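**Q** Listed here are the chains, written in short residue letters.
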Amino acid sequence: EAGVAQSPRYKIIEKRQSVAFWCNPISGHATLYWYQQILGQGPKLLIQFQNNGVVDDSQLPKDRFSAERLKGVDSTLKIQPAKLEDSAVYLCASSPGTVGGNTIYFGEGSWLTVV
Amino acid sequence: GQQVMQIPQYQHVQEGEDFTTYCNSSTTLSNIQWYKQRPGGHPVFLIQLVKSGEVKKQKRLTFQFGEAKKNSSLHITATQTTDVGTYFCAGNFGNEKLTFGTGTRLTIIP
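From first to last, the protein sequence lines are chains A and B. Number 86 in our numbering belongs to position 16 of the first sequence; there are no gaps in the numbering. Number 126 in our numbering belongs to position 103 of the second sequence; there are no gaps in the numbering.
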């Protein structure tokens with residue numbers, strides 16, 4: 071079974087530029103998550119989709135971050151304009167259903183450095 | 024707010040020694056999951072605990088969920104170099120959202 075695919079793996083941009091990350095979840099998984107992991111910290115949930123609807127985006131900085139999940143499959147996370155504090159690993163994850171009884175499977179992550 | 028705290032933040036042990044990390048929440052959890060993240064890698068699911076007082080074992084790893092469902096622990100017996108990484112607990116407060124702890128970074132001295 072193929073895992074969660076993410077691209078690009080690494081990105082370096084200057085502050086105020088924009089960046090987009092792409093995620094393809096495990097086939098058949100209804101729930102897709104974007105987490106932000108700053109070095110030395112635990113993953114922080116940015117947004118959670120159930121199929122193509124948003125379940126939780128309470129920690130998404132909506133003035134600069136946006137995410138969409140087209141047709142309930144792939145997802146993109148965009149940051150515009152980027153700030154230095156956005157330097158982190160952006161982890162996409164998926165699960166068959168909601169968190170209650172399901173394992174979350176993480177992708178390898180997209181490493182963002184903002185200079 | 025709903026937070027999950029972990030201690031210690033770092034742990035250095037001699038190979039063969041035991042290791043324990045603790046996870047605490049101020050409010051009751053519906054369930055708790057544990058993940059391992061190798062250096063430079065992504066979190067990988069280890070186990071989920073649901074019932075009050077539940078104990079589960081995976082080879083040298085023992086996971087416990089407190090009676091009040093507010094705390095949990097992971098104990099590794101006789102650590103090996105392959106155990107290196109950061110161990111995260113992640114709590115579900117019943118809102119279908121996982122809140123990750125701060126993690127315990129384990130390093131092994133050969």
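Rather than coming from a laboratory, the hints here were simulated on the basis of the structure. Small disclaimer: the values here were computed from a predicted structure and weren't measured. Beta carbons: idealized from backbone N, C-alpha and C, even for Gly. Misleading hints may appear alongside valid ones.
[What the hints assert, rightly or not] Covered stretches of chain A, as calculated for chain B (at least 3 residues, CB under 8 Å):
id	stretch
1	84-90
2	145-155
3	172-185
[What the hints assert, rightly or not] Okay, the calculated beta carbon distance ranges per label pair:
id	chain 1	residue 1	chain 2	residue 2	range
4	A	E155	B	T105	30 to 36 Å
5	B	I132	A	G123	44 to 50 Å
6	A	G123	B	Q26	23 to 29 Å
7	A	R86	B	H98	27 to 33 Å
8	A	K148	B	K82	39 to 45 Å
9	B	Q37	A	L140	21 to 27 Å
10	A	E138	B	E38	33 to 39 Å
11	A	A75	B	P62	18 to 24 Å
[Said to hold, decoys possible] Which stretches of chain B does chain A cover? Using the computed rule of at least three CB atoms under 8 Å from a CB of chain A, they are:
id	stretch
12	61-72
13	97-106
**Q** All hints are to be evaluated individually against the structure, with a verdict given for each.
**A** Do the hints match the structure? See the list:
1. By the rule of at least three residues with a Cβ nearer than 8 Å to a Cβ of chain B, the coverage given for the stretch 84-90 of chain A is violated, with 0 such residues.
2. Judged by the Cβ-Cβ criterion of 8 Å, the stretch 145-155 of chain A is not covered by chain B as claimed, because only 0 of its residues qualify and three are needed.
3. Coverage of the stretch 172-185 of chain A by chain B holds [criterion: at least 3 residues with CB-CB distance below 8 Å; count 7].
4. Distance hint for E155/A and T105/B: a CB-CB separation of about 34 Å, consistent with the stated range 30 to 36 Å.
5. Range check, I132/B to G123/A: about 49 Å between beta-carbon atoms, so the 44 to 50 Å window is met.
6. In this structure, G123/A and Q26/B meet the distance hint of 23 to 29 Å, their C-beta atoms being roughly 27 Å apart.
7. For R86/A paired with H98/B, a C-beta distance near 47 Å fails the hint of 27 to 33 Å.
8. As the Cβ distance of K148/A to K82/B is approximately 42 Å, the hint placing it in 39 to 45 Å holds.
9. Taken as a hint, the range 21 to 27 Å is violated for the pair Q37/B and L140/A, whose Cβ atoms sit roughly 51 Å apart.
10. Against the hinted window of 33 to 39 Å, the Cβ-Cβ separation of E138/A and E38/B comes to about 47 Å, which falls outside the hint.
11. Between A75/A and P62/B the beta carbons are some 22 Å apart, a value that agrees with the proposed interval 18 to 24 Å.
12. Only residues whose C-beta sits within less than 8 Å of a C-beta in chain A count toward coverage, and the stretch 61-72 of chain B has 6 of them, enough to reach three; the restraint holds.
13. Interface restraint, the stretch 97-106 of chain B with chain A: violated (0 residues with C-beta to C-beta distance below 8 Å; minimum three).
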